[in-house]
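Participant: Residue strings, one per chain:
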Amino acid sequence: MTETDAIRLFKCLSDKSRLQILKSLAIEDMYVERLAERLGITAPTVSFHLKKLADAGAVTSYKSQYYMMYSLKKDIFETSILEILQEESDEAEAQAQRDAAYRQKVIDTFFEYGRLKAIPAQLKKERIVLEVIAQAFEYDRIYTEREVNIIIADFHDDFCTIRRDMVGEQLLERDTKGYWRVKP
Amino acid sequence: MMEQKVSKLNHYFEEQIAMCGRRNKELLIDERTDEADFEKVKANVYDIFRTILSVAVKTGKGDSNAVRRFFVQKSEQIPSSWETAYDNAKQHNDAVKMRLEQIKLDTINEIKENFTKIWEGAE
Numbered sequence: 001m002t003e004t005d006a007i008r009l010f011k012c013l014s015d016k017s018r019l020q021i022l023k024s025l026a027i028e029d030m031y032v033e034r035l036a037e038r039l040g041i042t043a044p045t046v047s048f049h050l051k052k053l054a055d056a057g058a059v060t061s062y063k064s065q066y067y068m069m070y071s072l073k074k075d076i077f078e079t080s081i082l083e084i085l086q087e088e089s090d091e092a093e094a095q096a097q098r099d100a101a102y103r104q105k106v107i108d109t110f111f112e113y114g115r116l117k118a119i120p121a122q123l124k125k126e127r128i129v130l131e132v133i134a135q136a137f138e139y140d141r142i143y144t145e146r147e148v149n150i151i152i153a154d155f156h157d158d159f160c161t162i163r164r165d166m167v168g169e170q171l172l173e174r175d176t177k178g179y180w181r182v183k184p
Numbered sequence: 001m002m003e004q005k006v007s008k009l010n011h012y013f014e015e016q017i018a019m020c021g022r023r024n025k026e027l028l029i030d031e032r033t034d035e036a037d038f039e040k041v042k043a044n045v046y047d048i049f050r051t052i053l054s055v056a057v058k059t060g061k062g063d064s065n066a067v068r069r070f071f072v073q074k075s076e077q078i079p080s081s082w083e084t085a086y087d088n089a090k091q092h093n094d095a096v097k098m099r100l101e102q103i104k105l106d107t108i109n110e111i112k113e114n115f116t117k118i119w120e121g122a123e
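Protein chains in written order, with our numbering: chain R, 1 to 184; chain W, 1 to 123.
What the hints contain is simulated information worked out from the structure, not anything from laboratory work.
Heads up, none of these hints are tricks.
Heads up, simulated DSBU-like pairs for lysine-lysine below, C-alpha to C-alpha not over 30 Å straight-line:
hint, chain 1, residue 1, chain 2, residue 2
1, R, K63, R, K74
2, R, K74, W, K90
3, W, K25, R, K16
4, R, K51, W, K90
5, R, K11, W, K90
6, W, K90, R, K63
7, R, K73, R, K51
8, R, K51, R, K11
9, W, K90, R, K73
10, W, K8, W, K58
11, W, K74, W, K90
12, R, K51, W, K25
13, W, K97, R, K51
14, R, K16, W, K97
15, R, K16, W, K40
16, W, K117, W, K5
17, W, K40, R, K11
18, W, K97, R, K23
19, R, K63, W, K97
20, R, K16, W, K90
21, W, K97, R, K73
22, W, K8, W, K112
23, W, K5, W, K112
24, R, K51, W, K40
25, W, K97, R, K74
26, W, K25, R, K11
27, W, K40, R, K23
28, R, K11, W, K97
29, W, K25, R, K23
30, R, K23, W, K90
Just so you know, these numbers come straight off a predicted model, no measurement behind them.
Make a model of the complete structure from these sequences and hints.
Facilitator: Structure representation (structure tokens):
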């Protein structure tokens, strides 16, 4: 259930008449007139509430002889509130999309035909650029400093600055044996 | 004579608006928000036609027939868009919109009935 769906469902449930309708449907499937009689509200008002409940995914309907029967969508109510809270938020998804778009824009600006045009002055942008260069390194492999310089030189002539910054950004690590790519 | 009818009608509108307000509060307390909004919709219709009555009286300039004609004409004219909206909602099986338009139509029918009773002196 998405965040929007959850909000719509909760809004829909915060109404006594709709809750009464759901309580009745929890007993058995019913048609509009039966619900109206049972709850003491008019049939058009019951239809109004049923439409809102159906839009929120709380009830479903089916035809039985002359009647349109309504029933609870039990799977919705079997979802625990904790499960809903643990769902990834739509906003987080939108944020991730915005981040991806920004990242692509930085890459398009600073790279041309696979070469780095300039080292970005902004740390946030430089980090993105360094992450792209890091992809040229394999995981679980030790590189000598010379190998590292050759790989980076394919992107930019100032391999010393880039190598040092990649270590600083913890994209590469080093010890006496050499350099290796850090796993995320 | 006409003043009495106008006064009766104004009293009727005020009473209905007050009743809608009371029901609205009761329904809100009872956590029936949408049904509470239905009362606001009804109150709005009463309020519209209370205003129309005052305009009718103003433009009628003491002519009882002119007042009646103006009010009756508006009570046919204004709900025609509600009828169209209701029919559209029905075509699209939109029970939510249908209910709202039906409330307006039921209210205006009640107003028309009461207007006739009061104006024709049946009450």
